[in-house]
Amino acid sequence: MTLTIRDLCVARGGVPILEGLSFSLAPGQALILRGPNGAGKTTLLRTLAGLQPPLSGQIDGAEEQIAYSGHSDGLKSMLSVTENLTFWADVFGQRDIAPAIAAFSLEGLKDRLAGTLSAGQKRRLGLARMLVTGRPIWVMDEPTVSLDVDAVAQFAKAVQGHLHAGGAALIATHIDLHLEADMLDVTPYRAALDLRAGASDEAFL
Amino acid sequence: MRALLTRDLMLAFRAGGGFGLGLAFFLIVTVLVPFGVGPNSELLSRIAPGILWLGALLACLLSLDRLLALDWEDGTLDLLATSPLPLEAALSIKALAHWITTGLPLVLAAPVLGILLNLPTPGYTWLVLSLLLGTPALSVIGTFGAALTVGVKRGGLLMSLLVLPLYVPTLIFGAEAARRGATGMDTTTSLLMLAGITAGVIAIMPFASAAALRVNLR
Chain A
316 MTLTIRDLCV ARGGVPILEG LSFSLAPGQA LILRGPNGAG KTTLLRTLAG LQPPLSGQID
376 GAEEQIAYSG HSDGLKSMLS VTENLTFWAD VFGQRDIAPA IAAFSLEGLK DRLAGTLSAG
436 QKRRLGLARM LVTGRPIWVM DEPTVSLDVD AVAQFAKAVQ GHLHAGGAAL IATHIDLHLE
496 ADMLDVTPYR AALDLRAGAS DEAFL
Chain D
2 MRALLTRDLM LAFRAGGGFG LGLAFFLIVT VLVPFGVGPN SELLSRIAPG ILWLGALLAC
62 LLSLDRLLAL DWEDGTLDLL ATSPLPLEAA LSIKALAHWI TTGLPLVLAA PVLGILLNLP
122 TPGYTWLVLS LLLGTPALSV IGTFGAALTV GVKRGGLLMS LLVLPLYVPT LIFGAEAARR
182 GATGMDTTTS LLMLAGITAG VIAIMPFASA AALRVNLR
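As they're listed, the protein sequences go chains A and D.
Using the working numbering, the letters of the first sequence correspond one by one to residues 316 to 520.
Using the working numbering, the letters of the second sequence correspond one by one to residues 2 to 219.
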């Protein structure tokens with residue numbers, strides 16, 4: 316299913332950040348989001364994931380299709396790696412967590428509590444979660460933070476596999492993943508200043 | 002949904018999960034009250050149902066802080082909101098898990114602590130029954146309070162202020178049922194009112210909680 320975005324305007328705290336954004340994401344396609352800090356990449360991704368409503372514009376094909384991965388991984392430090400993954404697999408109605416464990420080489424850490432993992436290992440577990448969602452569109456916000464070179468390669472391989480299986484991925488990152496992906500720089504879509512002034516009332520509503 | 006319930010229960014029982022926090026508070030309150038009001042067993046008998054109910058309510062309030070805040074901090078709430086599980090269902094399950102780890106132990110401990118307060122013998126059944134009917138409402142209303150204040154740093158005080166007025170009806174009818182039972186009067190009306198309040202909040206509150214949480218997740 317193709318994700319289509321038409322003339323989207325997203326806001327943070329009632330202030331428009333990006334406007335006039337239009338693109339589409341077909342199965343098997345990856346799109347890398349670029350832009351300086353504070354440009355609105357996270358806001359855009361959260362809007363697409365359905366965590367906040369867009370100010371205007373249309374999002375088609377996102378309903379129940381998107382697996383979202385944000386800055387934090389949603390891991391419970393007192394649960395083991397297997398328990399964490401099994402929980403998310405159950406929530407998304409999936410059964411098998413073995414491929415996810417293998418894809419991010421977590422075999423040796425299976426029974427460790429998530430709280431005792433290093434930052435990079437936690438991130439790998441958080442990314443393995445995407446594999447157990449079974450959702451076709453991956454929306455990921457800075458997925459490579461605190462990953463080493465090998466883990467980044469593993470991640471790129473996992474994304475590649477997902478694309479080959481007919482999935483799509485929308486990734487905000489500054490690292491070159493060596494993927495055949497289109498780039499989208501959000502800087503030109505920055506919302507105009509007068510628009511911000513006009514919407515200032517909104518913050519008080 | 003079962004996965005969320007088992008996970009929440011598992012987390013509560015593991016180290017640092019907060020299971021027993023409410024129970025310990027309940028125990029402390031009921032043990033200290035006789036020292037505070039003096040060794041007049043007649044007076045203790047008279048105030049026992051009220052003290053036990055108040056203790057249970059405050060113990061419940063104490064543990065509400067952690068109900069959603071921990072899941073908010075580690076990003077679980079964001080991911081749950083984007084999962085196939087409806088937020089209303091997820092919050093109902095979390096309220097249920099809270100009741101099993103906080104409300105139910107209070108119900109079970111109340112008769113034992115009733116002895117400390119010299120609760121009259123006929124009162125035990127009614128005390129347990131009223132707590133059993135009333136504490137689910139405390140968990141469900143508490144979930145609403147937690148959802149309202151989830152993004153607020155140190156939101157415990159704000160949440161207490163928001164939740165306490167909503168607890169008043171449950172406290173009035175719960176303590177009334179326990180008091181009437183202890184003095185041998187008819188308890189039907191208070192118990193029915195209590196059950197009605199609980200059934201009502203279980204039906205309506207999850208929608209309010211989910212709406213509040215959606216706004217807070219933005």
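These aren't lab readings, by the way, just hints derived from the structure by calculation.
Hints should not be assumed to be uniformly reliable.
[Claimed, not checked] A few chain A residues that face chain D, going by a derived Cβ cut-off under 7 Å, partial list only: (1) Phe338; (2) Gly343; (3) Leu346; (4) Gln367; (5) Met393; (6) Asp405; (7) Val406; (8) Arg427; (9) Pro503.
[Stated by the list, open to error] Derived list of chain A stretches under chain D, where covered just means 3 residues or more per stretch with a C-beta under 8 Å from a C-beta of chain D: (10) 385 to 391; (11) 466 to 475.
Given the structure is predicted, the values throughout are model-derived calculations rather than measurements.
By construction, the Cβ of each residue, glycine as well, lies at the ideal position given by its N, Cα and C atoms.
Satisfaction of the A:Met393 interface hint, Cβ to chain D closer than 7 Å
Since the shortest Cβ distance to chain D is 4 Å, the answer is holds.
Hint status (Cβ of A:Arg427 to nearest Cβ of chain D, threshold 7 Å)
violated, 14 Å
Interface hint for A:Val406, Cβ within 7 Å of any Cβ on chain D
holds, 5 Å
Does the closest beta carbon of chain D sit nearer than 7 Å to the beta carbon of A:Asp405?
Cβ of A:Asp405 sits 3 Å from chain D, so the hint holds.
With chain D as the partner, please determine if A:Phe338 meets the hint condition of a C-beta pair closer than 7 Å.
violated, 20 Å
Hinted contact A:Gly343 with chain D - closest CB pair below 7 Å
violated, 22 Å
With a C-beta cutoff of 8 Å, work out whether three or more residues of the stretch 385 to 391 of chain A approach chain D closely enough for the coverage to hold.
holds (count 7)
May I ask you to test the interface hint for A:Leu346 with respect to chain D, counting a Cβ-Cβ separation under 7 Å as satisfied?
violated, 18 Å
Hint validation: A:Pro503 versus chain D, beta carbon distance must be below 7 Å. Holds or violated?
Where the cut-off is 7 Å and the nearest Cβ of chain D is about 25 Å from A:Pro503, the hint is violated.
At a threshold of 7 Å, is the proposed contact between A:Gln367 and chain D supported by beta-carbon distances?
Holds. Min distance 4 Å.
Verdict on chain D covering the stretch 466 to 475 of chain A, where coverage means 3 or more residues with a C-beta closer than 8 Å:
violated (count 0)
Violation of the numbered hints given earlier is confined to hints 1, 2, 3, 8, 9, 11; the remaining hints are satisfied by the structure.
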